[in-house]
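Going down the list, the sequences are from chains E and P. If you're matching positions, the first sequence starts at 1 in this note's numbering and goes up one per residue. If you're matching positions, the second sequence starts at 1 in this note's numbering and goes up one per residue.
A couple of the hints might just be wrong.
A pair holds if it fits inside one copy or across any two, identical chains being indistinguishable in the list.
Pairs of lysine to aspartate or glutamate, EDC-like flavour, derived with a Cα cap of 16 Å [to be verified]: (1) K106 - D64; (2) K56 - E26; (3) K216 - D155; (4) K179 - D153; (5) K47 - E169; (6) K36 - E169; (7) K109 - D11; (8) K216 - D94; (9) K172 - E70; (10) K36 - E177; (11) K67 - E26; (12) K109 - D163; (13) K109 - E177; (14) K23 - E54.
To be clear, the hints were calculated from the coordinates, so they are not data collected in a lab. The structure displayed is predicted, hence computed values, not measured ones.
Number of protein chains: 2
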Amino acid sequence: MRISLLGGTGDIAEGLVLRWSQKGHEIFIGSRSQEKAEGIAAEYIEKLKELGIEPKIHGMANADAAKHSEVIIISIPPEYAASTIEGCADSITDQIVVTPVVSMKKEGKTFLYDPPSQGSSAEEIRQVLPETAKLVSAYHNLPAKELALIHEDMDYDVVICGDDEDSKEVVKNLTEEMKNLRVLDAGPLSVSPMIEAITPLIVSLNVRLKNHFSVKFV
Amino acid sequence: MRISLLGGTGDIAEGLVLRWSQKGHEIFIGSRSQEKAEGIAAEYIEKLKELGIEPKIHGMANADAAKHSEVIIISIPPEYAASTIEGCADSITDQIVVTPVVSMKKEGKTFLYDPPSQGSSAEEIRQVLPETAKLVSAYHNLPAKELALIHEDMDYDVVICGDDEDSKEVVKNLTEEMKNLRVLDAGPLSVSPMIEAITPLIVSLNVRLKNHFSVKFV
C-alpha cells in the first residue's frame, strides 16, 4: 500500500517505516519542510539498504505525502496534530487516517492522561478531518525501540477503534504483517480515551519500575 | 490479617474471600443488613468446608465489618460506594481501604469510562474517608470467574496506586499470596483514572470478541 507518515521522525515512525518497507509498501515521509523530509527519507533508505532491502521511500511536505497515500499515519506531537491536519486540508479526502496521538502531562515522576476538551486526541483530530476521511485510533502503546528492531518479533496487542469497519480491517492487516502483533478491535472511536489513557499509565510504570512495558490482553 | 469486604457479594468478592480464607486470613463480610451478611458468610463457609478448608468468616453490618478489620475492600457498585463509606464513618479510622470501584456507562455494545466529577471513583471515595485512612486503588481488572476457581493459578497483573507506600506494600503482599498475580505499583492515587479506565475497555473487548480478557504488562 501507499502509506504516509506525517511528521515521520522519531518515536514509532522509524519502526513502522522499516517494517512496512520490508513488506514492500511504498512510504511517503511527510514533514513541515520538504528538505527535512528528504533528509529523513534518505536515512531510512540507507538503513534498509544496509539490511539488504531496496525500499520505496519518498520525502516531501506533509500535504504532498498525505495526497500520495492511501493510509496516513499522524506521527505528530499532540499539540501540533490537529493544526498539521488542517494544513493538509486539500490533500485529505477519503483516505484512512491513523492516530496514535496521546496527550499527557507530567506530575513529578508520574505521567497522567490529559485529553483535549474534545475528550480524546482522536476526537480532536476527527473534528478537523473531512467527513469522508476514515479515522482509526491505533499504535498508542507500541514500544518504539523494539518496533525499530525489525528482525525481532513483538508479542504485543494493538488495541484499535474507529467508526468505519473496512478501514479498521485495513489497519488490522497492515499491523499484523508485523510479527507477532495482534490487533484487538475495541469498537467505535468513542473508545479512544480508554486506549489513549493506557500510554501514560505504561510510561509511569516504566519510569517507576525501570522497565519498557507494552500491554497484552490475556 | 483481618480483612473486611463491604458489600461482600458478587463479582470479585467471592474469589477474594475464598482465596484469602485458604491462606488463613480472617474475613468480615459486610452488608447493609446483618442478616444478609450472615447468609453470605454461611455460603462461603460451606464452600470452603467442601474444599477441606476451615475458614474464619463472619457476617455483619458494613460498619461493624469495617471496624473489625485492618484492610477494608469496597466491593460496592460505584453509585453506592461513597455513601456506604459515609455510613461507616465511625468505624473507619486508620485502616487500609482498597477501592476496585469503576464507574462506566454503556452505549450500544460498548462500555465507556464514566468517572464521577471528582475525576475517578478513587478520588470520590478519598474525599469521604477520614485523612487518617489509607486508600489504595486496586483489583479493577481481576476476572471474577477465574478468581473464584481457587485451585487455578492466574497469570495477570494487578496495577495499583495510592499515596501511602506502606499500605501499598500490604496490598501487594496480600495480592501476591494469590498465585500468580503480580502487582505493579503505578504511583500516586492520581493515576487511578487510567487504571479504572482499563475496565470498560476490557469489558468492551470481551463483549465484542466473546472473550474474558484481563491485562498483563509485558
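Now for the hints, and whether the structure bears them out:
1. Taking CA atoms no more than 16 Å apart as the test, K106 paired with D64 passes in neither setting, with 35 Å inside one copy and 41 Å between copies.
2. For the identical chains of this complex, K56 and E26 are intra-copy neighbours only, at 5 Å inside a copy versus 66 Å across copies, given an alpha-carbon limit of 16 Å.
3. In this homomeric assembly, K216 and D155 come within 16 Å of each other (Cα to Cα) both inside a single copy, at 8 Å, and across copies, at 12 Å.
4. In this assembly of identical chains, K179 and D153 lie within 16 Å of each other by CA distance solely inside one copy; the values are 5 Å within and 29 Å between copies.
5. Neither within a single protomer nor between protomers do K47 and E169 lie at most 16 Å apart by alpha-carbon distance, with minima of 30 Å and 47 Å respectively.
6. In the homo-oligomer, the alpha carbons of K36 and E169 never lie at most 16 Å apart, since the shortest distance is 32 Å inside one protomer and 50 Å across protomers.
7. Taking CA atoms no more than 16 Å apart as the test, K109 paired with D11 passes in neither setting, with 20 Å inside one copy and 34 Å between copies.
8. Taking the closest pair of Cα atoms, K216 and D94 never come within 16 Å of each other, the shortest separation being 32 Å inside a single copy and 36 Å across copies.
9. Taking the closest pair of Cα atoms, K172 and E70 come within 16 Å of each other only inside a single copy of the chain (15 Å); across copies the shortest separation is 48 Å, beyond that limit.
10. Taking identical chains as interchangeable, the C-alpha atoms of K36 and E177 are never at most 16 Å apart, the minima being 29 Å within one chain and 55 Å between chains.
11. In this assembly of identical chains, the alpha carbons of K67 and E26 lie at most 16 Å apart only when taken from the same copy (13 Å versus 66 Å across copies).
12. Taking the shortest Cα distances, K109 and D163 sit within 16 Å of each other only across copies (13 Å), while inside one copy they are farther apart (35 Å).
13. When the C-alpha separation of K109 and E177 is checked against a cutoff of 16 Å, the pair qualifies neither within a copy, at 35 Å, nor between copies, at 29 Å.
14. In this assembly of identical chains, K23 and E54 lie within 16 Å of each other by CA distance solely inside one copy; the values are 11 Å within and 61 Å between copies.
Hints 1, 5, 6, 7, 8, 10, 13 from the list above are not met by this structure, while the remaining hints are.
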